[in-house]
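A.B. asks: Now for the letters of each chain:
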Amino acid sequence: MTRSRLVLSVSVLIVALGVVAGFGALWLDSARAAVGPLPGEGLVFPADTHFVMGFDVKRVVASPMWTRMASKPEMRPEGLKQFETMTGLDPARDIDQIVVAGRGGAGKTAPQPLVIATGRFDLEKLSGTMGMAEQAEKRQLEGTTLFTMTKENEKGETESSTLALLDPGVLVFGPTAGVEAVVASRSRGETPLTQNTELIELVEGVKPGSTFWVVGDSTILAGMPDRIPAPGMGGSGSSVGLNLPPLQSLTLTGDFDPELSMALTGVAVDEAAATKLADVVRGLVALMSLQAQQKPELAQLASAFSVSTETNTVLINARIPYDLLEALQPKKKPAPGEASPEAEASAAVTED
Amino acid sequence: MRDTTRPLPFFRAARAVFDLSLENMIWSRRSLLMALLVGLPAVLALVYRGLLAADVPTRAVPPMDLYAIIVAIFWICNVLPLMALFHATSLVADEVEGRTLTYLLTRPLTRPAIFAGKFAAYLATSLGIALPSAVLTFFLLATARGWSGLGTSVPDLFRDLGVMALALVAYGAFFALLGVLLRRPVIPGLLFLFGWELLANLPGYLPRLTLTAWLRSLIQHRPAQEGLAGLFGQVQPAGLSLAVLVVASSLFLTAAAWLFSEREYVLDQ
Numbered sequence: 006m007t008r009s010r011l012v013l014s015v016s017v018l019i020v021a022l023g024v025v026a027g028f029g030a031l032w033l034d035s036a037r038a039a040v041g042p043l044p045g046e047g048l049v050f051p052a053d054t055h056f057v058m059g060f061d062v063k064r065v066v067a068s069p070m071w072t073r074m075a076s077k078p079e080m081r082p083e084g085l086k087q088f089e090t091m092t093g094l095d096p097a098r099d100i101d102q103i104v105v106a107g108r109g110g111a112g113k114t115a116p117q118p119l120v121i122a123t124g125r126f127d128l129e130k131l132s133g134t135m136g137m138a139e140q141a142e143k144r145q146l147e148g149t150t151l152f153t154m155t156k157e158n159e160k161g162e163t164e165s166s167t168l169a170l171l172d173p174g175v176l177v178f179g180p181t182a183g184v185e186a187v188v189a190s191r192s193r194g195e196t197p198l199t200q201n202t203e204l205i206e207l208v209e210g211v212k213p214g215s216t217f218w219v220v221g222d223s224t225i226l227a228g229m230p231d232r233i234p235a236p237g238m239g240g241s242g243s244s245v246g247l248n249l250p251p252l253q254s255l256t257l258t259g260d261f262d263p264e265l266s267m268a269l270t271g272v273a274v275d276e277a278a279a280t281k282l283a284d285v286v287r288g289l290v291a292l293m294s295l296q297a298q299q300k301p302e303l304a305q306l307a308s309a310f311s312v313s314t315e316t317n318t319v320l321i322n323a324r325i326p327y328d329l330l331e332a333l334q335p336k337k338k339p340a341p342g343e344a345s346p347e348a349e350a351s352a353a354v355t356e357d
Numbered sequence: 064m065r066d067t068t069r070p071l072p073f074f075r076a077a078r079a080v081f082d083l084s085l086e087n088m089i090w091s092r093r094s095l096l097m098a099l100l101v102g103l104p105a106v107l108a109l110v111y112r113g114l115l116a117a118d119v120p121t122r123a124v125p126p127m128d129l130y131a132i133i134v135a136i137f138w139i140c141n142v143l144p145l146m147a148l149f150h151a152t153s154l155v156a157d158e159v160e161g162r163t164l165t166y167l168l169t170r171p172l173t174r175p176a177i178f179a180g181k182f183a184a185y186l187a188t189s190l191g192i193a194l195p196s197a198v199l200t201f202f203l204l205a206t207a208r209g210w211s212g213l214g215t216s217v218p219d220l221f222r223d224l225g226v227m228a229l230a231l232v233a234y235g236a237f238f239a240l241l242g243v244l245l246r247r248p249v250i251p252g253l254l255f256l257f258g259w260e261l262l263a264n265l266p267g268y269l270p271r272l273t274l275t276a277w278l279r280s281l282i283q284h285r286p287a288q289e290g291l292a293g294l295f296g297q298v299q300p301a302g303l304s305l306a307v308l309v310v311a312s313s314l315f316l317t318a319a320a321w322l323f324s325e326r327e328y329v330l331d332q
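Chains A and B are the protein sequences, given in the same order. Going from the first sequence to my numbering is simple: count from 1 and add 5. Going from the second sequence to my numbering is simple: count from 1 and add 63.
Careful: at least some of the hints might be erroneous.
[Stated by the list, open to error] Output of the computed footprint for chain A on chain B, the stretches with three or more beta carbons under 8 Å from beta carbons of chain A: (1) 125-134; (2) 316-323.
[Unchecked claim] Take a look, some chain B residues computed to stay more than 12 Å from chain A by CB distance: (3) Arg93; (4) Leu103; (5) Ala117; (6) Pro195; (7) Ser196; (8) Ala197; (9) Arg247; (10) Gly258; (11) Leu303.
It should be emphasised that the hints constitute simulated quantities derived from the structure, not laboratory data. Note that the Cβ used here is the ideal one computed from N, Cα and C, for glycine as well.
Extracted from the complex, chain B is given alone in its bound form (with noise of 0.2 Å):
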């Protein structure tokens, strides 16, 4: 028999949030936006398989080429940034909005073991959308010409894999941070984006105040680029730029952790 003046064991109670969070978070509208956003390139690549097979005449860039620019411009820099600002800042942030988070809070679970089951049911949705798409649109265009040569970027296709996972880890909970610092941290969140993000694209040392100059540096693909990014780009030691995203992503998810367990909130009535 549990002693039910003492609160659940931190995995047990982590995996029922984490089932709870998931089942909401899987069938929302968000996602379902997120989803479409996120298998566009899937959907370009069939296109662009069909054209081929039409013979129509196109000026379309080689298959590989589109694929180099989807994952280092569209999904790096653009979509699963997004992605992790929609979710992961709404995983406290919705529950105060939606004044359910006391229904939460008075549950016999510690509020580290909260902010983990959410924190994990939004990897999952995030890396359940993002990564078959990833898949799908490789072998689309890596096979576009035929399968001869499709070993050779297969392990591309593996670091996109691991890098797509890492940058929804740093993102995700950079902004798991910020929806448990703030009430409303969708706005900050998207200056932060299309504002300090931007940062990457000068020369000397401020790039490596961003997240996407160290994601950027673990992929092989360098597509060219016009302006400033094109200009100044740089890229940083792989080994570095994984460990600078693993400590960061830690220290992120730490405090985030921290400040939930320690903070009042008060609901308004």
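The following block holds chain A by itself, in its conformation from the complex (with noise of 0.2 Å):
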């Protein structure tokens, strides 16, 4: 064998091993997420769901937004804080992965989504924690334990949320009648959400090993704004306004470590709308750099944006560093009778 052909026998050797290994890979991997990033577990959620976001736990509490968020407790959802003073449970500690799925509506009209948590839950205890929150009634269901919440809207109406321990791996939240159906789904082994094609074929195409990812159908869709307000009209409501084609489906997809990086793919009726649709969101970048001389961090915002179209489809990037989130963020105004920085440090020299 010549040198040259000894150095080639090396490299297909290598492509080989990869391929290989790269094959093994997805066959192994196949059984631990059944569709794209989601777990087996969230093919339980009804076929009528219209949105499905999850988040990789781990990798959150990992970043530096939720070092951030730790330092500044205000930035704490307060859901957050009252699932933890519910539960006893510390997502950073016993949370891998969160997926929630849910059926659209805006505001406070939108049904209560349906949430699953994966990751090591001390079933005893919680049960413990959760039999002792005076408004839960505990019950079992097809042998799984449901602790059921109930408590008045501000309509007077009654609201009911259920909590359900499927396993010690896995943790499902949402209104009753929703957890009771995944319950009744998982104990007879059917997988409902795999009748929705629609917005299977969207969860198969997420970004793999995104941080979080949100995927959403035409349904969801109908209920965003048709139109913008046309730059200089402000939002006094006037009828001059740019028309946003609509969107069949939305697919988003982010990490937030180093900084907080995003893919936006919106899928338009055809390639003249995803065109039109394109040129809105590269007309409010450009804007946002025309502003620059008021505020020059928009400068830098708007280089953290690309666009560009794939036949009926747009595609946003965007990149942002965490210190050009924090200059964006509103200056908070001293309180009265606190002085502002600028304020002590002109005292401090008058004082010198």
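Using the supplied hints, reconstruct the complex from the two chains, each of which is provided in its own coordinate frame.
C.D. replies: Here's what the structure looks like:
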């Protein structure tokens, strides 16, 4: 064998090993994730689901964003605090992944979504904590423990939410009827979500390894505004505005480490609609650049976005550093009687 | 007994030229330089893994985002076309420059067979350098945060290997044609790569006149880019991109082989 053939053989061997290892990983991994990043447990969501979103909690917790949130208690969502108090669980320690599924709607009319969390849950401890809660009613459904909490909403209607412990690694929370349906589907070995082929196709297309992802079908997107105010019209409610072509589906994926990065894929009705939508986004990005004289951070923000089209699909990518996000936050006005940092500095100079 | 008045059959002749060219091509300074350049991401991935393992606080991009940048920007848009330029333009031009073409042409070999053998040697050399580097870089980066989720990224690897091979074929065919047409094809080739191919970043129909726009459409990675590329990036349908690249490569190769067969080479004394 000549030297050159030896070099080629080594190259072929490396590529062949890589391909074999790749097929191995593909075969082994398919057992863990049922559809794209959706775990098998997520397939028990109802078939009429219009959106699904997922969070890789371990990676969220390891990200700089979580560190920043931890240092500012006011930034922790109220729902998360309630969840921690109610269940005694520490999301950072106990949860690996959260998947949320819902049926759309806007604001307070939106039906409560179903949440599945996978991780390590101490069933006895959790049962104890939940059992002690005064408003929680403990019961069994098809061999699964359910905790139902009932409260009255602002209209005086009774709403009930239920938390079910499917097994030591899976917990489901949401409206009682939805959770009961999930428990029933699971005990019968059914996977209703697979009947929603449109949504399943979208989940399959999610970028692998994303820290968070959201997919929504046309039903949920129908509720989105179809026009935005034209530049210079402000939010005066004027009828003059830019028409937004309707979207058939939307996929958002992203990461929090080392900076906030997002990839948004919107599927429009046709190529012309996609081009129009991309042009609207480009226009907004250009407007941001024009505002850079008043706020230099906007120029940096504008350069963080890239927009492209692929037939009837619009692709928007963004990479935003956390320092930039903080710089874009409105400056907190000092409370009455509290000196601003500038005033304190000038006072110090005067004293000197 | 072979009839010595007739040239060798096409495949035997091409195979003989392939063996001869492969030895010269793999052990050349050009290939060494290209191997260093193409293999750089694998070294970078190793350093990245080292930094992660040592828990050094960095502001590095996530591993798979880094892989996307390497594939979409470093390899597909820059290094692979450059490798094709340096190797494919020299298939015939080097023989002319070194005044060794006469020795090849006076052998009982048909000219298309010579061209086919040389192009096959170019492909074997460039694929032998590029694909192992892609496999190593992928596994180093995809497993940087553990083996979980590797399976979901693997289809990207397979697609990337295919697109890299197609990039070497398409650019190789174009630069081989340039090498047959021109006496000194490197400068025009560089102008094509870093001038004409930038049209891929413009809006409208102009990107369809470049190879890079079709190649970029075939890969799944869309790293955020600044400037025109970020604002006006277009992605063509995958099927159409594949068809355009296959047809373009075939046309370039046929034209190059035909020109090489028909052309009279007058070597400087």
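A.B. asks: Report the numbers of all earlier hints that the structure fails to satisfy, in ascending order.
C.D. replies: 2, 6, 7, 8, 11
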